[in-house]
Amino acid sequence: MQYDSIAQQLDNLIRGTYSSVELTRHYLDRIKQHAQLNCYISVLEESALEAAQQADQARAAGNAGPLTGVPIAHKDIFCTQGVKTTAGSQMLYNYDAPFDATVVSRLATAGAVTIGKTNMDEFAMGSSNETSYYGAVLNPWDTTRVPGGSSGGSAAAVAAGLCSAATGTDTGGSIRQPAAHCGITGIKPTYGRISRWGMIAFASSLDQAGPMTRTAEDAALLLGVMAGEDPLDSTCLAADVPNYVESLNKPLDGLKIGICEDFFAEGLEAGSEQVIRESLRVFEDLGATISSVRLPHIEYSIPAYYVIAPAEASANLSRYDGVRFGYRCKEPTDLADLFKRSRSEGFGDEVKRRIMVGAFTLSTGYYDAYYRQAQQIRRLIKDDFQAAFAEVDILLGPTAPQPAFSLGEKTGDQVAMYLQDIYTIAGNLAGLPAMSIPAGFSSDLPVGLQLIGNYLDEASILAAAHQFQQRTDWHQRVPASMAAEN
Amino acid sequence: MKITDKVVKNIAELTQLRFTEDELAEIGASMTETLELVEQMQQVDTAGVEPMSNPLDATQPLRPDVVTEGDNRAIYQRIAPETQDGLYLVPKVIE
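Read top to bottom, the protein sequences are chains A and B.
Position one of the first sequence corresponds to residue 1 (the numbering used here), numbered consecutively onward.
Position one of the second sequence corresponds to residue 1001 (the numbering used here), numbered consecutively onward.
Isolated chain A, as found in the complex (with noise of 0.2 Å):
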């Protein structure tokens, strides 16, 4: 039952095939099976299942709603009242969150149980999770390997069958690049499309939540609960938030299907490169029609977001005092010691290095050179996108250069490993929604393919990624060694 898509789980809960206690408590027994991958930081036992049993006599009573019963985990990024939330930092080592985020409370009220807390690089900086303060996550696939980051934990965790969805977050690439290295599907929305409140901040005018399933059509039911307007955050989106799950069959025939041609440079994987070039030919089956396109200030992407992310990050981790919440160094001399010494103590080396480079970037002299010149290509890139909208419907290519590298591989190799996300950050800083799917396998690991659709038409992408799904089986297959049903 681990591996059942969300729709699946609802109907076997309406029908009485298993309780949500049940479920629950199967998965609160894999997460202990499975402790050595590491996706939780906190697994929320007693909670879970009192929220299951309540739901359970929801569903009785006849007020269940549409996620009643379904096990989720969140991102320990998404501020949970009471629970810890760490962000995977020693700085929030002890944060128990006083408020909910809004993504945790609309899951909440739409009847998902919360059964813990996933792990990710630290303030969600990194793209394999071994930045997290809280230890690496290991790739349900092959453990020798990383799951991806940020959003490891929860894509590990989906993957290994430890949880029907989680919630991530994508700034640069982290909800996508490890639902391509794990095997699992994953949307970013647009920019604004879901509340950011209780979302610990990491690059303010980037960061964007999003759903992280077994299929899109799972997906499509998650986001329609996470997405829409909220009071408590100014930057989200007023726009109307469709039926996603209703669209999902809309016949894709006449769709035009764009290949970013620039992302086939030099640099991607052969094994990748040949399971997104076969894709094509089951989307051409289901009647688009395929052209190539050119994004010209795509190779800008990893500079322009190197210095916005980082100058957004140094501004939003300077609440970070030791004063107010979170970790305190021993025995301060005074109050430049505290601040100083907390900080230092708080942050690993690569949340350091970013806000040291964000802060050069915006001090007196060099604002105009770097953050100012950056938001300029920024527009540049939203612009290319914008041509090629004119042309095309939406836009297809691989998430990820190559599948998932090993532990440690990367981690000594600042630049190779910001390289990593080199497919995914041009949606980010143009603010387009973008999704992964499973697409194939290289050498036994599981290929991510990317789909951008443009500003607030996630409709499209979900309902391409459905139809490819009911006519491929990639997002079925689960690692041999998870594949016990107990």
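Hints in this document: simulated from the structure, not taken from any laboratory.
Computed from a predicted model, the values in this text were never measured in an experiment.
Positions of the beta carbon are idealized from the N, C-alpha and C atoms, including for glycine.
These stretches of chain B come out as covered by chain A in the derived footprint (C-beta under 8 Å, 3 or more residues): (1) 1017-1030; (2) 1044-1055; (3) 1060-1071; (4) 1078-1092.
In silico BS3-like pairs for lysine-lysine, Cα to Cα no more than 27 Å straight-line: (5) A:LYS84 / A:LYS330; (6) A:LYS330 / B:LYS1009; (7) A:LYS410 / B:LYS1002; (8) B:LYS1009 / B:LYS1092; (9) A:LYS84 / A:LYS32; (10) B:LYS1092 / A:LYS330.
Assemble chain B onto chain A, guided by the hints.
Frame of chain A, contents of chain B only:
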């Protein structure tokens, strides 16, 4: 652009971070590496391009000027490292 120890020390002061002498060299090298990566940006002619801070060029909406939050001090201070009489405690600043 090469980041010198002097620059690292200045930025460390601005960001309230402290590094040992060994760490200074390491962080300087790492900053230099990142700045070399972003240097490619300077090849792009951006004259006349409006900087983009929001993908949909959305502006911040104003909300009615009414009180929406009650007094949550006790709740927020429950997770503070040290408080006294509803105040956050820090080491003595004025002798």
